[in-house]
Amino acid sequence: MRNPLRSEAEAFRFLVVVIVGALVIVGAAYINTWVGVAAAAIVVGGVAWWLLRAPSGEPPAPRLASATPEGMHRILVVANETVGGRRLREEVTRRAQARGQTEILVVAPALNSPVRHWVSDEDTARAAAAERVRTSVAGLAETGLVVRGDVGDGEPLQAIEDALRTFGADEIVISTHPEGRSHWLEQGLVDEARERFAVPITHVVVDLEAEREEVR
Amino acid sequence: MATHAHAEHLEHHGPPAPHFSSRVTPGVLGMFLFIASEIMLFGSFFSAYFFVRVVNGTPWPTPPFELPVFVAFVNTCILVTSSFTMHWSLQSIKRGNVWGLRAGLLLTFLMGLTFLVTQGREYSRVGFAPKDGAFATIFYCLTGLHGAHVFVGLSILLFMTIRAFRGHFSPDHHHGVEIGGIYWHFVDVMWIVVYMTVYIL
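Protein sequence lines, in the order shown, are assigned to chains A and B. Using the working numbering, the first residue of the first sequence is number 1, and each one after it goes up by one. Using the working numbering, the first residue of the second sequence is number 1001, and each one after it goes up by one.
Isolated chain A, as found in the complex (with noise of 0.2 angstroms):
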């Protein structure tokens, strides 16, 4: 969306629409009021697909590739309540074990609602998210891998684009709930991350319900 108030510049171009758009609607109703109403109504809304369109200067998102030392295989785990779940934590030591050299970096985005995200209250959402990621790198730990953890954006994409900036990744593993109960498969996380990222992709379904159930 354009923002006709992000420099002065925009303020004074959209000036000069509305200016346009005014004389459009006065010389429109000096005809006829019907066609003043039809003139208004156009105007608005073409101001609004003005506002609402992406400037087209705008660059395409980046795809990342890997940054890894070599002789080094970095795994970057994304989850968030499916951080500490058994599934995973097998996977990821597979993966690991079958690799050699190998350093994991679990990041769990602090997702946070709307309103919160809106006017930066993100103390709790980051503090849930820290306590799950110590929790799933307590565990990982434990299997002697080499795992760090950190909390990332609360849109878990950029969350990514975050970690492969700072830590960059041969692969990255994304956990979600299964099929139906993931809001991350519901917004098509894991094909849009697999567009976005020049990195392999692994998908892990964690059931934390039939988990919870076998260890009863």
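Honestly, the hints are just simulated from the structure, not real lab data. Hints may contain errors.
[Claimed, not checked] Per the computed footprint, the stretches of chain A lying under chain B, defined by three or more beta-carbons under 8 angstroms from a beta-carbon of chain B, are: (1) 25-31; (2) 171-182.
[Claimed, not checked] Across the chosen pairs, the derived CB separations fall in these ranges: (3) Pro-1130(B) <-> Val-20(A): 32 to 40 angstroms; (4) Arg-1125(B) <-> Val-37(A): 30 to 38 angstroms; (5) Val-1055(B) <-> Ala-127(A): 31 to 39 angstroms; (6) Asp-1172(B) <-> Asn-3(A): 19 to 27 angstroms; (7) Phe-1050(B) <-> Val-35(A): 14 to 22 angstroms; (8) Gly-1167(B) <-> Arg-165(A): 38 to 46 angstroms; (9) Val-20(A) <-> Leu-1158(B): 28 to 36 angstroms; (10) Arg-1125(B) <-> Ala-48(A): 33 to 41 angstroms; (11) Leu-1145(B) <-> His-203(A): 49 to 57 angstroms; (12) Val-1071(B) <-> Asn-32(A): 24 to 32 angstroms.
Ideal Cβ positions, reconstructed from N, Cα and C, are used throughout, including at glycine.
Based on the hints, put chain B in the right spot on chain A.
Frame of chain A, contents of chain B only:
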């Protein structure tokens, strides 16, 4: 075995640490909140205007009163022109033309002042007061609310002009002019809407 769960995230107290990927910066959020509050403020007055004129069918202007459309048109031209000089002043400082900046800001201030003085003269000669019915009340509320915004804009412009003559702005540092310019154009946009609805249509 090396485990490095980031302690600074886990033991965080006080305000949240700035996160580099956060896309809602305080500046943008502040601007959105400002726009939202202005929309609600002007929206409430325009709602009253709509109910008085369209729903209630009150004649506009209510006889025997008349609106000084021509004077307001000249005033509109002055205010619109002031936006162009404002834009010129910012373009000047971006190109390193300090005198262009100073002249542009001075002209903008003088035209804004002319607008406000003319509006005051119009109030004294228009022949009705806010107490003279719904039409008069809405007229004074809408134009007065906008006039208050012009007054704020003039205050900002005055400081900007003084700073410009003191040499505070340069091609690399002119954020103060940028912000003031945004506000001034916003005031202009609001006047066009007010002028169109109150005087023309």
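Evaluated hints:
1. 25-31: holds (count 3)
2. 171-182: Violated: only 0 residues of the segment 171-182 of chain A have a Cβ under 8 angstroms from chain B.
3. Pro-1130(B) <-> Val-20(A): 32 to 40 angstroms: holds, 33 angstroms
4. Arg-1125(B) <-> Val-37(A): 30 to 38 angstroms: holds, 33 angstroms
5. Val-1055(B) <-> Ala-127(A): 31 to 39 angstroms: Taking Cβ atoms as reference, Val-1055(B) and Ala-127(A) lie about 51 angstroms apart, which means the hint is violated.
6. Asp-1172(B) <-> Asn-3(A): 19 to 27 angstroms: Between Asp-1172(B) and Asn-3(A), where Cβ atoms are some 23 angstroms apart, the hint holds.
7. Phe-1050(B) <-> Val-35(A): 14 to 22 angstroms: Holds, since Phe-1050(B) and Val-35(A) (Cβ atoms, about 20 angstroms apart) stay within the stated range.
8. Gly-1167(B) <-> Arg-165(A): 38 to 46 angstroms: Holds, at about 41 angstroms.
9. Val-20(A) <-> Leu-1158(B): 28 to 36 angstroms: Holds, at about 31 angstroms.
10. Arg-1125(B) <-> Ala-48(A): 33 to 41 angstroms: Between Arg-1125(B) and Ala-48(A), where Cβ atoms are some 39 angstroms apart, the hint holds.
11. Leu-1145(B) <-> His-203(A): 49 to 57 angstroms: Check passed, 56 angstroms falls within 49 to 57 angstroms.
12. Val-1071(B) <-> Asn-32(A): 24 to 32 angstroms: Between Val-1071(B) and Asn-32(A), where Cβ atoms are some 27 angstroms apart, the hint holds.
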